[in-house]
Amino acid sequence: DEYILLQKNMLDICIFISLLLLALVTSFIWIPIVILTSPVWGITLLAFFLVVRYTRLGGPIKSVIFGIYNWVLYKSERPRSYLWRRFYDFLAWMFPQEEWKTMNYGYAV
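Every number in the numbering used here is 3 more than the matching position in the sequence shown, counting from 1.
If you are wondering where the hints come from, they were derived from the structure by calculation, not from laboratory data. Misleading hints may appear alongside valid ones.
Unchecked claim - Here are the simulated SDA-like pairs of lysine to any residue, each with C-alpha atoms no more than 25 Å apart in a straight line: (1) Lys-65 to Ala-50; (2) Lys-65 to Leu-49; (3) Lys-78 to Arg-88; (4) Lys-65 to Val-55; (5) Lys-78 to Val-67; (6) Lys-65 to Val-75; (7) Lys-78 to Ser-66; (8) Lys-65 to Trp-44; (9) Lys-78 to Asp-92; (10) Lys-65 to Phe-51; (11) Lys-78 to Pro-63; (12) Lys-65 to Leu-86; (13) Lys-65 to Leu-39; (14) Lys-65 to Phe-52; (15) Lys-65 to Pro-82; (16) Lys-78 to Gly-62; (17) Lys-65 to Arg-83; (18) Lys-65 to Gly-45; (19) Lys-65 to Lys-78; (20) Lys-65 to Leu-53; (21) Lys-78 to Phe-90; (22) Lys-78 to Phe-93; (23) Lys-65 to Leu-48.
Said to hold, decoys possible - For each label pair, taking beta carbons as the anchor points, the in silico distance ranges come out as: (24) Phe-98 to Thr-29: 10 to 20 Å; (25) Val-67 to Cys-17: 47 to 57 Å; (26) Leu-22 to Asp-92: 24 to 34 Å.
Keep in mind it's a predicted model, so treat the numbers as computed, not measured. For every residue, glycine included, the Cβ atom is placed at its ideal position computed from N, Cα and C.
Work the whole structure out from these sequences, hints included.
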């Protein structure tokens, strides 16, 4: 009886670890979906859009967002090279054809 119970527990642990690994591997798909479909996030994003679009706060908020975007993608060194390196690694992972393996991302870094 104890041996069967131990086998059942081991099987449960293996199934749990497998599901946990599956959740971790697919997290880049389901985490954004959960965030964007959450009622709280939906209401918050809608409120933010309305504030930016229809109030005088929209101009300063847009300039801050565009300033951060401009700094990260054009003026910074480490964040820009890190983001481009991750982007090209993502492309090579998404499209495993041989043409993607010889990408030169020295231009972007």
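Checklist entry - Do the alpha carbons of Lys-65 and Lys-78 lie within 25 Å of each other, as the hint requires? => result Measuring from Cα to Cα gives roughly 18 Å; hence the hint holds.
Next on the checklist: Run the distance test for Lys-65 versus Pro-82: straight-line Cα separation, threshold 25 Å.
Outcome noted: Answer holds: Lys-65 to Pro-82 is near 21 Å, not above 25 Å.
Checklist entry - Is the straight-line distance between the alpha-carbon of Lys-65 and that of Val-55 25 Å or less? => result With a Cα-Cα distance of about 7 Å, the restraint between Lys-65 and Val-55 holds, given a limit of 25 Å.
Next on the checklist: Taking 24 to 34 Å as the stated bounds, is the beta-carbon spacing between Leu-22 and Asp-92 within them?
Outcome noted: The hint (24 to 34 Å, Cβ to Cβ) holds, given that Leu-22 and Asp-92 are roughly 26 Å apart.
Next on the checklist: Check whether the Cα positions of Lys-65 and Leu-48 lie no farther apart than 25 Å.
Outcome noted: 15 Å, holds
Item to check | Pair hint outcome, Lys-78 versus Phe-93 [Cα-Cα no greater than 25 Å] | outcome: 23 Å, holds
Checklist entry - Given the hinted pair Lys-78 and Ser-66, is their alpha-carbon gap at most 25 Å? => result Given that 25 Å is the threshold and the Cα spacing comes to 16 Å, the pair holds.
Next on the checklist: Check the hint pairing Lys-65 with Leu-53 against an upper bound of 25 Å on the C-alpha distance.
Outcome noted: Holds, at about 13 Å.
Checklist entry - Hey, Lys-65 versus Leu-86, does the alpha-carbon distance stay inside 25 Å? => result 22 Å, holds
Checklist entry - Are the Cα atoms of Lys-65 and Ala-50 separated by 25 Å or less? => result Distance ~15 Å between Lys-65 and Ala-50 Cα, so the pair holds.
Checklist entry - Quick one, are Lys-65 and Arg-83 close enough, alpha carbons at most 25 Å? => result This hinted pair holds, its Cα atoms lying about 21 Å apart.
Next on the checklist: Next pair to validate is Lys-65 with Gly-45; report whether the Cα-Cα distance is within 25 Å.
Outcome noted: Satisfied, since the Cα-Cα distance of roughly 20 Å is no more than 25 Å.
In the structure shown, no violation is registered for any of the earlier numbered hints.
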